[in-house]
Structures are given as C-alpha cells and as structure tokens.
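Engineer: Protein chains in written order, with the working numbering: chain E, 1 to 386; chain V, 387 to 506.
Hints listed in this document are in silico derivations from the structure and should not be mistaken for laboratory results.
Glycine included, each C-beta is placed from N, C-alpha and C at the ideal position.
Where hints are given, some of them may not hold.
As the list claims (entries may be wrong) - One side of the interface only, derived from the structure: several residues of chain E facing chain V at Cβ under 7 Å:
1) L61
2) P63
3) D67
4) L68
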Amino acid sequence: MRTVAVVGASLAGLSAARSLRKQGYDGRLVVIGDELHRPYDRPPLSKEFLAGSLAEADLALEPDAEDLRAQWLLGVRAVGLDGPRRAVRLADGSEVRADGVVIATGAAARTLPGTDGLAGVHTLRTLDDARALRDELSLGGRLVVIGGGFIGAEVASTAYALGLDVTVVEAAPTPLAGPLGETMGKVVSALHADHGVRLLCGVGVKGLSGESRVEAVLLEDGRSVPADIVVVGVGARPCVAWLAGSGIELDDGVKCGADGRTSLAGVVAVGDCASWYDPRAGLHRRVEHWTGARERPDAAVTALLAGGAVEPSAPRPPYFWSDQYGVKIQFAGHAAGADSVTIEEGARDDRNVLAVYRRSGHPVAVLGMNQPRLFMRWRKQLAAAA
Amino acid sequence: MMIPACRLVDLPRGEAYRLDIDPPVSVFHTDDGEVFAIDDTCTHQDASLADGWLEGCEVECPLHASKFDLRTGAVDAPPAKRPVRTHEVHVEDGMIYVRLSLDAPNLPPCVAARLAGGPA
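Working from the sequences, and respecting the hints, build out all of it.
Structural biologist: Listed below in structure tokens is the structure:
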C-alpha cells in the first residue's frame, strides 16, 4: 500500500492516522478535513469551552511534538468516492487517489425545519458552533434547549452555571430513556430540577416564532416558551451523502463488518459515520461515542493493512461520559437489552449512584454518577464477561 | 525525599495505593509483580489514576481514555497530551518507599490553578 487517504480530520480520523503509523504503515498519508481546524476535542465544547474555562488551544488533540508525516488537506470537503479507482473527489475539483481509504466523516447535527436564518438559534457540533453559542450565552437571557439528550443537558447545565434562565423541552416522556432506560433516565434528568432548570417532557416542538430573531419556542400543546437563545439538540445524522454512487453499502451510516471493513475492498469506516456489525448482538449499529472514535480505528487499520486476513478482536463494551451540574456521569454497555436495573451503591436522591443493568441476571451495562472508582471496576467486569 | 507508602503484602497485584500528598502520588503493583509510582492525577482533567484500568504496564484514566505508561509516564492516547511524572520506588524489608521526582508535575489546568491558590 503506497497511499492511504483518511477522509475526516476529527478524533476518528486522527486516531486512524496514528494507528497507521503505529502499525508500521510507512507510505503516503493524506488526511482530508472539511473544517479549517486541526483535530480538536469535542466533549469540552458543551462544557468547559462553552463555560470559558478552556481556551481553543486546550482543545487541540495533537501534542506539539507529534509528527505523523501526513499531508493535511484542511478546509476542503470530500464530495465523492470513485469506488473502483479508490479516488476521493474534493469540492475544489481535485481528487486524491489512494490504495486504502479510511472514511471518518462523522455526523452532522440535526436541525429543525424552517429555522434557517433565524438569529439566536444554534446547534452544537463544531468549534465554530461553540464559538457562536458561547458569544451569545455571554449576553445572558432566556435559553430554551430543544432535546433533553446528553448535548442538550450539558448545554443546559453550562448555561445554568453562567446564570441564564434555562428551559429544556423533550419530546419523549423521559429524557435519556434511549441510552439509559426509563428508570435511570429519570434519575439523571432530575438533575435539571435540582438546579431550578425547567424540564418540559412529553411535548413536541411545533416551531419557533420571531421575525429575524427567535422570540419563542411553540409547543405542540399550544404553549409558547419565550426564548432569547435556542439550542437544538435533537441528534445527529451520519455524513455519508458524499458516498452515493461509490458502490459502498449504506444503512444509517456506512455498513461495516466487525472490524470496520466496508463492502468495498481497501475501504474501512470509523467513528460516528460508521455502522459496525456487533457480533454479540447480531446487528449493525452506529455508536456515536468519543471512546469508539478513539479505539475502533486501531481495529479498522489492522484490517485495512492486512487486507482482512486477521480476525477482529472483540471491542470493549461502548463507554461514554457526561458532566452535568457538577456530577460525573459514566455509562458502559447497552441498556436496551436489560430486564432489570439495581442501584448497588449510593442513593438516587443524592445523585450519587452506581447502577447495574442485567439481563437474566447477567450484567449488560453499568451507570455511575460520581462513582468513578466503582464504575471502573464494574466496567472491567463487564468487559471480562463479554 | 523518600516517603514510606505501604507494605508490599498489603498491595495485591493489579491494585494501586494512593499517597495523599499534594499533589497525590500512586503506587501500582502490576499483574507481573512489578511496582511503579507515578503522579496520581491525570494530566487532562482532575481524576485519580489509582482508580483507573490497570493493564500490563499501562493505566487508563477512569474518566476518559488516556493511557499512561507506568515505566516512563508517557501518554499514548488523547485527550491527555502531557506525560505524568514518574517516581523511583524502593522496596526494603517489605516496605514500599517512593523517592519523589524533583521535576515539576504536569497537572490539569483546574488542579494547577487550585494549587496556585487561584480559582478552581
């Protein structure tokens, strides 16, 4: 292999580039990113960076001394992939031909239809998004967060600490019920009320009112919630439209084997855009977590360099974290398959718990709130049992 | 400075012992029976590496995914970018002693600010 192109210059792309060098790949390495920025860390964007306690330089993922001997093409978007020639077409009309391609184009924040061009309405995914939101939050006022998932909850928590008046609107009866299940979704989302942040659940958003700038969020039950700033945190969709016509199989993201290999030889996919086969569950799923973007490229690069001649090693159970209202929230495993949840340590009213999810008596997931030590023990046990 | 940490028999393999000095230092007993001492605080964010995931000669921070090499202090994975300090370890008469490094520690911004007496 003489040229490898990594499409996507965020954590998954950078991790893939690092894995390539670490695993002995010595050829030409081209990293293509549609943002102008060097790889940066996203988790602080809704927390420390938004709060102003971390500066942009602190977000850099590369230490000063790191040199991956890569050619960085930044600020240029990949618009197509010629499958048979493995040529990545770029928005500026040029193309990069490669022997191996790593697809790491991530996901983009979903928006609300009809809100384009309305000032005061934000999504939060990129550094530029975070800069714009930070500038507005610094003016204070009434913030309405649409979506009570992790991004929404973290923005609400940060904005509350900055002194804003905050309301969270969630369409589902319980926020976070998807990732955490009903019981623990209730416990974690109770953090909002603990701090005087209003949480409106079980009601959808009909639209936004305002001429040039947002004035209120209109709910489906007829209520209107006044807003100076609105953050839309309703999930993300994989950035795979550019792969149309490439011959790569798509299915809510790039459909991959258990080692990141796509349906096209010499092409692997990693990070939020990739839907990996999970042999334990017997299905494909996209895991939109930082840890997956960090760890899975190792396996994908091994598969790429070996041409599929090695058995993929079983990935660790998915792991993610969140920080809200000063509480460290950690979760590993899959809540969906559980038939019971028990609190093993701490008290739910103190928002200090270690909860274990089980299926037929076997642990399948674990949640910690301010319990990093116990959580790590359970996380290890979970990985060993898997 | 030599500091007595704990007795070797009281520190099973695969476990860590945290010395509550400022900044804290942790002693790790690996599964292979080696003993190492490093700064306990992750260089990325305030987290105790003694609570982390010990595998071979590497410990993974309990909060995020950065891994530190117990032998050199080097970090091999983001989000941390700076190594932790390593300290010399001596075992004498069954007691583990730590000789503190004279280098400046690489503390995360919030902890460094606290130690400097500034806002957390």
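Engineer: Are the hints correct? Go through all of them and say.
Structural biologist: Do the hints match the structure? See the list:
| no. | hint | in the structure |
| --- | --- | --- |
| 1 | L61 | holds, 5 Å |
| 2 | P63 | holds, 4 Å |
| 3 | D67 | violated, 14 Å |
| 4 | L68 | violated, 13 Å |
This entry does not satisfy hints 3 and 4, going by the numbered hints stated previously.
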